[in-house]
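Asks: I would like the entire structure built from these sequences, with the hints used as guidance.
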Amino acid sequence: MSDPYNSEIDGYHEPTADELAARKKRNFAIAACLFGFVIFVFLLMMYKLGVFA
Amino acid sequence: METVQHNTGNVPALSLAGPGDYYALMKPRVMSLVVFTAMVGLICAPSSMNPVLAAASILCIAAGAGAAGALNMWYDRDIDAVMSRTKKRPLPAGKMTPSSVLAFGVIMSMVSVFGLSMAANYLAAGLLAFTIFYYFVVYTIWLKRRTPQNIVIGGAAGAFPPMVGWAAAGGGITSESLVLFAVILLWTPPHFWALALYKQGDYGKAGIPMMPNVKGAKSTRLQIFIYAIILAASCAYLATTSLGSPLYMAVAGLLNFTFIVLAFKVWRSNAGDDVMGLDEASLYKVKSGEKAARNLFAYSIIYLFALFGIIASSSLLANFSI
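These protein sequence lines map, in sequence, to chains A and B.
Heads up: the first sequence begins at 101 in the working numbering, then just goes up one per residue.
Heads up: the second sequence begins at 307 in the working numbering, then just goes up one per residue.
Worth flagging that the hints you see were computed from the coordinates, not collected in a lab.
Glycine included, every Cβ here is placed at the ideal spot set by N, Cα and C.
Possibly wrong hints are sitting among the right ones.
Stated by the list, open to error - Straight-line distance between alpha carbons at most 16 Å, and here's what the computed EDC-like set of lysine to aspartate or glutamate pairs gives:
(1) B/393 / B/327
(2) B/511 / B/384
(3) A/124 / B/327
(4) B/571 / B/586
(5) B/571 / B/585
(6) A/125 / B/327
What the hints assert, rightly or not - Taking beta-carbon pairs under 10 Å as the criterion, some of the chain A residues facing chain B (in silico):
(7) 113
(8) 122
(9) 129
(10) 130
(11) 145
Replies: As structure tokens, this is what we get:
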């Protein structure tokens, strides 16, 4: 079995337009989820602290 | 970076998976049932909850259910590839790598449990964590490939959400939340075995010991009928708790009567019988029986939504003294 940490990449794969488009969509989705999570935690904290009471 | 090994040599290619594939990993149809039953638990709990915190709790429960679904798909990727029902899922379809699915499932699990502990309380968060553990470890890894009782015991994973919702609202663990748990637990075997009766070839191909493959179709049909009766009894018991009302009793009685009639038709049918060497008349009986099993499977989904819908409606009507 080859060692994944020492194996050399024997070339370069030029990403296709579809692959780049899929990666872009994933990046946007990850960014949106992280932003949503931050807002979620922030709002919960505000509620728990009674800011909206 | 996420990669898929569909390229030549050892040069990794970028994945073509989109957000929709990650959504599919979360088993949206199962998630909708989990969300609905958890909402019913939350609505029926004796203590009220701030609507924003309630919405946040439901979101976390949905995320937890989705995480469990993703972990299940990660572990079952080998058998999913051979079953017609599951071979188009993102992993067997080659759209994602197993490691990315595992990471997604683990991260979602942690985020959902942490989020619920913030939005609701530690008991609800603990129950959600246990539900994910139970579905992934107890059902998927331990029981699913070992025993025909897999969905009988494993069905508890799908039965926890109303308890989580109830606990999230601050209701703790009470006899009412346990009965809600029992109703889904007892509903699961007839629901899945009805499906297994006309899909047993698929399960057999994947080596999953579903009841029709192991004990035979005749025994399965009888057990479906027995579970339908026990399920009706548990619904009758629910009427004796604080969740019972005349409206509930009328609707639940009708729903359970229909369930028992359909289960009886399956029991008296030839659904799932071996068709090898059968004459035309016997073959017709098997096909007709499979129709009865399909009817029960479809009805069982409507049944659960309607039953929990009426439980929630009765509770809301009682709260508003209508």
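Asks: Now tell me, hint by hint, if it's right for this structure.
Replies: These are the hints, each one checked on the structure:
For a cut-off of 16 Å, the pair hint linking residue 393 of chain B to residue 327 of chain B stands: about 14 Å separates their Cα positions. As the CA atoms of residue 511 of chain B and residue 384 of chain B are separated by approximately 12 Å, the hinted pair is consistent with the 16 Å bound. Taking the CA atoms of residue 124 of chain A and residue 327 of chain B, the gap is near 14 Å; set against the 16 Å cutoff, the hint holds. A hinted pair counts as satisfied when its Cα atoms are at most 16 Å apart, and residue 571 of chain B with residue 586 of chain B does not qualify at roughly 21 Å.
Taken as a hint, the residue 571 of chain B and residue 585 of chain B pair is broken in the structure, with Cα atoms around 22 Å apart against an allowance of 16 Å. With a C-alpha separation of about 11 Å, the suggested pair residue 125 of chain A and residue 327 of chain B falls inside the 16 Å cut-off, and the hint holds. Hint status for residue 113 of chain A relative to chain B: holds, with the closest Cβ pair at about 4 Å, below 10 Å. Checking residue 122 of chain A against chain B: minimum C-beta separation of about 5 Å stays under 10 Å; hint holds.
Because the closest C-beta pair between residue 129 of chain A and chain B is about 4 Å apart, less than 10 Å, the hint holds. At its closest, the beta carbon of residue 130 of chain A sits 9 Å from a beta carbon of chain B; the interface hint therefore holds under the 10 Å criterion. The interface hint given for residue 145 of chain A holds, since its Cβ lies 8 Å from the closest Cβ of chain B, which is under the 10 Å cut-off.
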